[in-house]
Each structure stands twice: as structure tokens, then as C-alpha cells.
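A.B. asks: Please model the complete structure; the sequences and the hints are all you need to start from.
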Amino acid sequence: MPELPEVETTLRGVSPHVKGQKVIAVCVRQPRLRWPVPDDLQMLQGEVIESLQRRAKYLLLNTKKGTVIIHLGMSGSLRICAQETEPGKHDHVDIVLDNSKLLRLCDPRRFGSVLWAQNVNKHPLLRNLGPEPLSEVFSANYLYEKSRNRKVNIKSFIMNAQVVVGVGNIYASESLYMAGINPKNLAGRISLKRYEKLVFSIKTVLSLAIEQGGTTLRDFVSADGQTGYFQLKLSVYGRTGEACPKCQTPIKQITQGQRSTYYCTVCQK
DNA sequence: ATGCTAACCTGCGCGC
DNA sequence: TGCGCGCAGGTTAGCA
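Numbered according to the working numbering, the first sequence spans residues 13 to 281.
If you are wondering where the hints come from, they were derived from the structure by calculation, not from laboratory data.
Take the hints with a grain of salt, since some may be wrong.
[Stated by the list, open to error] Simulated DEER-style distance windows between Cβ atoms:
1) 266 / 76: 48 to 56 Å
2) 139 / 97: 33 to 41 Å
3) 262 / 161: 33 to 41 Å
[To be verified] Only pairs whose alpha carbons sit at most 30 Å apart, straight line, appear in this in silico BS3-like list of lysine-lysine:
4) 215 / 196
5) 31 / 215
6) 245 / 196
Predicted, not measured: the structure shown is a model, and the values here were computed from it.
All C-beta atoms in this analysis are idealised placements derived from N, C-alpha and C, irrespective of residue type, glycine included.
C.D. replies: This is the structure we're talking about:
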């Protein structure tokens, strides 16, 4: 799935086509996503989508009556289509607009979700999220204080959405590499100085990826249905056995929290 | 409270 | 060709 940069890119891609449009119909071909698509999503019909925003990896479509909450899971993507475009096998939900277009969710693995909330700020999935990584409140001091007495490894720690949102498996490895921190280090035993480096690295890596339109991966298709995004150069992710860009040592792959981690045993201490 | 595991799905590339 | 296996960008519930 999309990591945060892809979600942000999707938001920017679909917004011009969706903002200010009235919803003509909501078509759910497959309601069995990560959570069942609720019947009250039909509340959306007839409403105007007044604004769109991103919170963590959730896309929010705001109307006067409530908010559509969309998550792309591991393999989801959103596209703007002409209304007559035939849906494919994994095109599960359409939001039909009054500009002769529709917003279409494709999600082969169905780990994504489409939900409806009257009051999005009270929604259980959004209520306990940590700060946005690119905001001011996400600082070295914040991470340092938050991590005291925590015995979890630093990679799992920064991937915890209660700590900070939007750091996925690719950019967790990349950020730790840039900061020179061994992913196995315990979060509670990392110095403020090193957290300064890590926060800078997370912000830099994510910003660069957003700038480049999101890292292109297997299932990601841009909001316009194009595949033309060029790829952000990844230093360690998916590069098991390849030479570290800085010291040429082969990149090591380990498993943490059921996910693959990639790092350099020499550059990351 | 914290940390760990299983679970939700489909598709793809690999070795045999 | 075909088959079985392992792996893949996320996140939550439930348990110790």
C-alpha cells in the first residue's frame, strides 16, 4: 500500500476533480473490505464534498452531514474515471459525481476501508492517533519524552501510529539508515541527540518522497491513472545483499514485528 | 500500560 | 506448464 507520500499524492491528484462536487450515487460492488462498508455510507448521496484532507494515511471527504473516511490498506488506489468506465475485478467502490466523473477505489487485497462518520474527530480509528510527522509538534523532544521506559525496538516504535503517524515499512528503514541508527536499538535507550537526527531524517525522507510524487511500487497507480511517477531512490529497503551506498557493506535484512527491516550493520549503530 | 501475535486478503515471482 | 511456497506498502483485536 501506499505509504504516507502516496496517500498525499493521491489526495492532491483527486482533489481538483472532487472538491465542490455533489455526489449523485454511491456504488458498492464489494462491501467486504478491512471493515464492512457501512450502509450509512449512502448518507453521502446528494451531499456536496466541500473539502478533502489527509490525516495519517486516511483520506477524508468532508460534507455538511458527515465525513467519508478512506484508507488504502496495502494495495488500494483511488482513480478518477469517466462515468461509463467499466469496473475491473478489484474496483470495489464508486462515488459518482455530478461532473460526469467518478471516484473509484481499487483494492485487490481488500485491506483498505471506506467508512462514514458523523463526527470524524470522535471516530475510534482516528481518535488516538499521534502527531503528523511533518508537523511542528513532531519534534526530537516529543519523541525522546514519549520513548522513555519503552522497551520496544526503535523501528517498531516509529511505526506505531500512537507515537507518530505515517511512517510505514519502507520509510522506517530509510529514515533509520539516514539517521545512522540500528533498528534493533531500544527506543527507551536512545539519546535526545540521536532523536534529533531521527526526526530530521523522517521529515526529510517523507518530504522528498512527497515531492517526487510518491514512490512508485507494484500496485500504486496515480490519481489520474498514470504510472509515470519516477521512483525515489531507496538506500536500503528491498536491497538485501546489495552494497551500502556509503560503505559498500552488504545490506542486511531482518524481521521485526512481522515486517522486514533493512539496514547497514556498519553505518547504523 | 506495554509488547507480541494472529488475522484480514490477493497476486506475484521463485524453485522444482 | 503447473504447483506450492514465501513474500508484499497496514492496522487492529486480543492475549500474556
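A.B. asks: Mind checking the hinted window 48 to 56 Å against the Cβ distance between residue 266 and residue 76?
C.D. replies: 49 Å, holds
A.B. asks: Regarding the pair residue 31 and residue 215, is the alpha-carbon distance no greater than 30 Å?
C.D. replies: With a Cα-Cα distance of about 28 Å, the restraint between residue 31 and residue 215 holds, given a limit of 30 Å.
A.B. asks: 33 to 41 Å was suggested as the range; check whether the CB atoms of residue 139 and residue 97 agree with it.
C.D. replies: Roughly 36 Å apart at Cβ, these two residues keep to the hinted range, so it holds.
A.B. asks: Tell me if the straight-line CA distance from residue 215 to residue 196 falls inside 30 Å.
C.D. replies: Within the cut-off at roughly 21 Å; holds.
A.B. asks: Holds or violated: residue 245 and residue 196, Cα atoms, limit 30 Å.
C.D. replies: Status holds; Cα separation ~24 Å.
A.B. asks: Taking 33 to 41 Å as the hint, is the beta-carbon distance of residue 262 and residue 161 inside that range?
C.D. replies: This hint holds: roughly 35 Å between Cβ atoms.
In terms of the numbered hints stated before, the structure departs from none.
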